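Asks: Since chain A is already given, all that's left is putting chain B on it; use the hints.
Heads up: the sequence lines are chains A and B, in that order.
Just so you know, we're using this note's numbering here: the first sequence kicks off at 1 and counts up by one.
Just so you know, we're using this note's numbering here: the second sequence kicks off at 289 and counts up by one.
A few of these clues could be false.
Derived pair list, reagent style DSS-like, types lysine-lysine, alpha-carbon separation capped at 25 Å [to be verified]:
no., chain 1, residue 1, chain 2, residue 2
1, A, LYS284, B, LYS454
2, B, LYS464, B, LYS392
3, B, LYS454, B, LYS390
4, B, LYS392, B, LYS454
5, B, LYS454, B, LYS464
6, B, LYS291, A, LYS204
7, B, LYS337, B, LYS390
8, A, LYS204, B, LYS295
9, A, LYS284, B, LYS390
10, B, LYS337, A, LYS284
11, B, LYS418, A, LYS59
12, B, LYS337, B, LYS325
The following label-pair restraints were derived from C-beta to C-beta distances [what the hints assert, rightly or not]:
no., chain 1, residue 1, chain 2, residue 2, range
13, A, LEU145, B, HIS355, 36 to 46 Å
14, B, LEU481, A, VAL194, 39 to 49 Å
15, B, ALA332, A, ASN152, 18 to 28 Å
No wet-lab data here; the hints were simulated from the structure.
From a predicted model like this one, the values you see are computed outputs, not experimental measurements.
Each residue gets a CB set at the ideal place from its N, CA and C atoms; glycine is no exception.
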Amino acid sequence: MSAIAIPHAPAAPPRRGLTTWQTWGAIMIAPYVLVFLAFVLYPVSYGLWLARHPESYVKLFADPIFFRTVVNTVLFLAIAVNLKFLLALWLSGFFVHERTWIRWVSVLFLLPWAVPSIPTIFSIRFMFNPEWGVINSVIFRLTALDGPNWLNDPRIGLGLSMLTHIWKSLPFWTLILMAGRLAIPREQYEAAAVDGASAWQRFKYVTWPSLRTLYLTSTILSMIWSLGDFNSVYLLTGGGPADLTHVLATLGIRYIRLDQVDLAMATIVCAMPLVLPLVYYMMKHLSK
Amino acid sequence: MKKRFTKEAVLVLLAIPILLWTLLPIYHIFLFSISSKDSAFSGALWPDKPTLRNFGTIFRQEQFYLHHFWAQIWNSLWIAVAAGAITLAVAACAAFSISRLKVKGGRAVMNLALFTYFIPAAFLAIPMYKAMGMYGLLNNRWSLVLAMVTLAAPYAIWVLKQASDKLPVELDEAAKIDGATPLQLFRLVYLPLMTPSLIAIGTYALLLAWNEYLYAYLLLSHEQTIPLAVALGHFIAADDSPWELLMATGLVYALPPAAIYYAFRRYMVSGLTTGAVKA
Chain A
1 MSAIAIPHAP AAPPRRGLTT WQTWGAIMIA PYVLVFLAFV LYPVSYGLWL ARHPESYVKL
61 FADPIFFRTV VNTVLFLAIA VNLKFLLALW LSGFFVHERT WIRWVSVLFL LPWAVPSIPT
121 IFSIRFMFNP EWGVINSVIF RLTALDGPNW LNDPRIGLGL SMLTHIWKSL PFWTLILMAG
181 RLAIPREQYE AAAVDGASAW QRFKYVTWPS LRTLYLTSTI LSMIWSLGDF NSVYLLTGGG
241 PADLTHVLAT LGIRYIRLDQ VDLAMATIVC AMPLVLPLVY YMMKHLSK
Chain B
289 MKKRFTKEAV LVLLAIPILL WTLLPIYHIF LFSISSKDSA FSGALWPDKP TLRNFGTIFR
349 QEQFYLHHFW AQIWNSLWIA VAAGAITLAV AACAAFSISR LKVKGGRAVM NLALFTYFIP
409 AAFLAIPMYK AMGMYGLLNN RWSLVLAMVT LAAPYAIWVL KQASDKLPVE LDEAAKIDGA
469 TPLQLFRLVY LPLMTPSLIA IGTYALLLAW NEYLYAYLLL SHEQTIPLAV ALGHFIAADD
529 SPWELLMATG LVYALPPAAI YYAFRRYMVS GLTTGAVKA
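Bound conformation, chain A alone (with noise of 0.2 Å):
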């Protein structure tokens, strides 16, 4: 469309239009100003100011269930975000194919995402109860033996967690890394089948190399946000039994309704060393 550069000397606007400009400009950046200082800068300078206290932490460290949530949090974003991201490079792969009915399963497939997750995690549990869920009367009716109690245990419950963490925001990025691949020269794949490149060579010299920079700052992103997912341990297991499944999100929302605020924001400020470099890199990536 600009393929020729039209030389135009650089409008000098006249210095009253120019502060006009400018006066709108404040003027209505200003509500989102206002949010920010009042939902965002007041109240996380107040809660650092609640967390000040050393005395916190001590109390907090001398929680038995934090170190156990600690770790839970740990493995909660090691495994369900890098499972959850090697599903989805393999799905967009196949939802990539140009047929219409695998439009119509992506249609379905895009439904976890958008319906809200209190229904659709209290389903899951349903399903994993031990007594009548539908999971254990199918293992039933199969082996005539009685199936795990799945929820009662806190290692398959926190495993039932990532799955059902998985299962809700799987289809958000496999979108996202469906796009990435639909922005991929067509040639390229074209030139590898003339050089007679396998399915795995095709992924390995033209997929991934464009791919890459998309995959790990959704990654980075991914984590940072599974950090707050609280609806998938919370609505699942509720951090039992006996506070076992805790992830950092919902021991501060614990703390919060045993009214123990310095506790909760103790609790942030513990993950910030965990945050903080993710949010460091997607800035520095986001800003260019």
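Replies: Here is chain B on its own, set in the frame of chain A:
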């Protein structure tokens, strides 16, 4: 020819587990909501006598947990619409100011917004809960609306700014030469050109607010002010909960966002992924 057939067969074989995985929990909601209590708890894969009675019980508010069903679904709607409209207004103005008016400090505000976008939601909830208490907004529906605007606006501004940066500079220059004021430019040129992105962002904020559980659960606790999500959470408190009614209510609650999502899917998918791919 044979190779092509094999490929189609492989694709179909892949689609089956994908669909099973996706739809099982959703089918399970549907199954419970058309089952009577006995049949729901029998572990059957299809009820003996499908019934719509659960929905009658809900709509007539005949169950202890559902005495305020209509008030609560109204709250959900009110909060979602208010949060969607306010996010749209705040974000469109901010994006216009940063991208077109090149306001001084606009870049810094964009960075602050992005920073907010990166704070895990459950972490921001704790200081926000404390602050809402100090503002005297706890148990007021506005607290949830404002919290949702705070969460949705950063991404909204970012997506709108990306879209707005793509509009040609000549538009602004022509408007300036014609003596248009910034407001006229905003109303007559900017908003009409940005309509697809605005639809995507409005829908995004609306769905975010309708679907939100954690903030609603923290900020609102009065039976008359809570949205349906929090009311659903109450069901689980008791061991003898009527789970078939919970699932039927959940189905009613999940239908509007699913319908809205499908109605605006084209805008949502392109609007929400373009920004991301650039990342």
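Asks: If a hint holds in the structure, say so; if it does not, say that too.
Replies: Taking the hints in turn, this is what the structure says about them:
{"no.": "1", "hint": "LYS284/A with LYS454/B", "in the structure": "holds (22 Å)"}
{"no.": "2", "hint": "LYS464/B with LYS392/B", "in the structure": "holds (19 Å)"}
{"no.": "3", "hint": "LYS454/B with LYS390/B", "in the structure": "holds (14 Å)"}
{"no.": "4", "hint": "LYS392/B with LYS454/B", "in the structure": "holds (20 Å)"}
{"no.": "5", "hint": "LYS454/B with LYS464/B", "in the structure": "holds (19 Å)"}
{"no.": "6", "hint": "LYS291/B with LYS204/A", "in the structure": "holds (22 Å)"}
{"no.": "7", "hint": "LYS337/B with LYS390/B", "in the structure": "violated (65 Å)"}
{"no.": "8", "hint": "LYS204/A with LYS295/B", "in the structure": "holds (20 Å)"}
{"no.": "9", "hint": "LYS284/A with LYS390/B", "in the structure": "holds (21 Å)"}
{"no.": "10", "hint": "LYS337/B with LYS284/A", "in the structure": "violated (59 Å)"}
{"no.": "11", "hint": "LYS418/B with LYS59/A", "in the structure": "holds (20 Å)"}
{"no.": "12", "hint": "LYS337/B with LYS325/B", "in the structure": "holds (11 Å)"}
{"no.": "13", "hint": "LEU145/A with HIS355/B: 36 to 46 Å", "in the structure": "holds (42 Å)"}
{"no.": "14", "hint": "LEU481/B with VAL194/A: 39 to 49 Å", "in the structure": "holds (42 Å)"}
{"no.": "15", "hint": "ALA332/B with ASN152/A: 18 to 28 Å", "in the structure": "holds (24 Å)"}
Violated hints for the displayed structure, listed by number in ascending order: 7 and 10.
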